[in-house]
Amino acid sequence: MKKQFLLATAMASLLAFSAQGVMAQNIAIVNGKAVPKTRLDALAQQVAKAGRPVTPEMEGQMREEVIAREIFMQEAEKQGIAATDDFKAQMELARQALMIRELFASYQKKNPVTDAELKAEYDKFAATNGGKEYKARHILVEKESEATAIIASLKKGGKFEDIAKKQSKDPGSGAKGGDLDWANPSSYVPEFTEALLKLNKGQTTDTPVKSQFGYHVIRVDDIRTAQLPAFENVKPQIAQQMQQQKLAAFQEELRKKAKVE
Numbered sequence: 000m001k002k003q004f005l006l007a008t009a010m011a012s013l014l015a016f017s018a019q020g021v022m023a024q025n026i027a028i029v030n031g032k033a034v035p036k037t038r039l040d041a042l043a044q045q046v047a048k049a050g051r052p053v054t055p056e057m058e059g060q061m062r063e064e065v066i067a068r069e070i071f072m073q074e075a076e077k078q079g080i081a082a083t084d085d086f087k088a089q090m091e092l093a094r095q096a097l098m099i100r101e102l103f104a105s106y107q108k109k110n111p112v113t114d115a116e117l118k119a120e121y122d123k124f125a126a127t128n129g130g131k132e133y134k135a136r137h138i139l140v141e142k143e144s145e146a147t148a149i150i151a152s153l154k155k156g157g158k159f160e161d162i163a164k165k166q167s168k169d170p171g172s173g174a175k176g177g178d179l180d181w182a183n184p185s186s187y188v189p190e191f192t193e194a195l196l197k198l199n200k201g202q203t204t205d206t207p208v209k210s211q212f213g214y215h216v217i218r219v220d221d222i223r224t225a226q227l228p229a230f231e232n233v234k235p236q237i238a239q240q241m242q243q244q245k246l247a248a249f250q251e252e253l254r255k256k257a258k259v260e
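Mapping of the sequence shown onto numbering that gives the first Met the number 0: position 246 corresponds to residue 245, and the numbering continues sequentially without gaps.
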C-alpha cells in the first residue's frame, strides 16, 4: 500500500509538472485549442519594431489581443472563410507584400549607407549650397513693356513692395511684396541667377530679366555667407534619403534584369 501511495504521488507530481510546462508554452486554451506563447512574442516584436516600449500593461493588452484573434479565427474557420476565392486572393496579395517587404529589408541590411558615403553626400550639398545667400525680391509680369514701366516708376521713387503686391504675377511672393526670402542663387532659373549675381546689396535690375515665367524686376535686399546646418544635425535625413536612393537603384536593377514578355 505504501509503495502504491508513493507511486501515485510521484505520478501526480509529474503530471502537475508537465501541465505547468505546457502552460508555460501557451498563454491560454481557447475551446480546447492551445494558444502558443510564440504568438504573443511575435506581436511584442512587432510593437518593439514600431518603436513603442512593451510595458507590463501593454503585455496584458497584447495577451487579450492574441486570445481575441484566436476566438475570431476559430469562428472564421467554422464558416469556411479560408476556402473562399476572395480570401485566397487577399492572402496571395498579403503574401506578396510580406515577401517584397522582407526582400527590401534584407537588401538594406546587407547594403547599409556608410559614414563615408554620408559625408561625401553632405560635402556635395555644401559645395552646391555654400558661398553667398541672397535675400531678394522680384516683380513678375507678362510683358517686357510692363517691366520697363515698373523700373521707371521705381527710379522715380515708387515703392517696390507696393508695386509687387499690385502687379506681380507670382502668387507666392507677390502678396509679400515680392519677398523671396534667403536663398542660394543656384535655386533660381539660370536667367534669374545670372541677373541676381550682378547686383549688390540694395540694387535693382536696370532692365527686365526674361525667363520662362515672364519678365522679372529684381532687387537684392541683403547678402550673407550661406548658413549651412552641421553635418551631425542633418546626418539622419541624409541617411534616410540615401537609403531610399539605394533601394530605388536595386529595384530598377531587378526590373532591367527581368525578362518580361
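In short, the hints are calculated from the structure, not lab data. The beta carbon of each residue, even a glycine, is placed where N, CA and C say it ideally should be. Errors might be hidden in some of the hints.
Here are the simulated BS3-like cross-link-like pairs (lysine-lysine), alpha carbons at most 25 Å apart as the crow flies [unchecked claim]: (1) 175 to 164; (2) 158 to 108; (3) 123 to 175; (4) 48 to 32; (5) 234 to 109; (6) 175 to 131; (7) 134 to 118; (8) 123 to 256; (9) 142 to 131; (10) 154 to 142; (11) 255 to 245; (12) 165 to 134; (13) 158 to 118; (14) 209 to 168; (15) 142 to 209; (16) 245 to 108; (17) 131 to 118; (18) 164 to 154; (19) 175 to 165; (20) 175 to 142; (21) 168 to 158; (22) 108 to 142; (23) 48 to 108; (24) 256 to 245; (25) 134 to 175.
Derived DEER-like restraints, expressed as beta-carbon distance ranges [said to hold, decoys possible]: (26) 248 to 126: 45 to 55 Å; (27) 223 to 68: 32 to 42 Å; (28) 190 to 224: 23 to 33 Å; (29) 41 to 190: 55 to 65 Å; (30) 127 to 45: 34 to 44 Å; (31) 224 to 50: 17 to 27 Å; (32) 89 to 248: 49 to 59 Å; (33) 251 to 164: 43 to 53 Å.
Hints versus structure:
| no. | hint | result |
| --- | --- | --- |
| 1 | 175 to 164 | 7 Å, holds |
| 2 | 158 to 108 | 58 Å, violated |
| 3 | 123 to 175 | 32 Å, violated |
| 4 | 48 to 32 | 29 Å, violated |
| 5 | 234 to 109 | 20 Å, holds |
| 6 | 175 to 131 | 23 Å, holds |
| 7 | 134 to 118 | 28 Å, violated |
| 8 | 123 to 256 | 31 Å, violated |
| 9 | 142 to 131 | 31 Å, violated |
| 10 | 154 to 142 | 19 Å, holds |
| 11 | 255 to 245 | 15 Å, holds |
| 12 | 165 to 134 | 21 Å, holds |
| 13 | 158 to 118 | 45 Å, violated |
| 14 | 209 to 168 | 14 Å, holds |
| 15 | 142 to 209 | 9 Å, holds |
| 16 | 245 to 108 | 12 Å, holds |
| 17 | 131 to 118 | 22 Å, holds |
| 18 | 164 to 154 | 18 Å, holds |
| 19 | 175 to 165 | 11 Å, holds |
| 20 | 175 to 142 | 21 Å, holds |
| 21 | 168 to 158 | 17 Å, holds |
| 22 | 108 to 142 | 56 Å, violated |
| 23 | 48 to 108 | 15 Å, holds |
| 24 | 256 to 245 | 17 Å, holds |
| 25 | 134 to 175 | 13 Å, holds |
| 26 | 248 to 126: 45 to 55 Å | 23 Å, violated |
| 27 | 223 to 68: 32 to 42 Å | 60 Å, violated |
| 28 | 190 to 224: 23 to 33 Å | 25 Å, holds |
| 29 | 41 to 190: 55 to 65 Å | 59 Å, holds |
| 30 | 127 to 45: 34 to 44 Å | 41 Å, holds |
| 31 | 224 to 50: 17 to 27 Å | 38 Å, violated |
| 32 | 89 to 248: 49 to 59 Å | 31 Å, violated |
| 33 | 251 to 164: 43 to 53 Å | 47 Å, holds |
When each numbered hint is compared with the structure, violations occur for hints 2, 3, 4, 7, 8, 9, 13, 22, 26, 27, 31 and 32.
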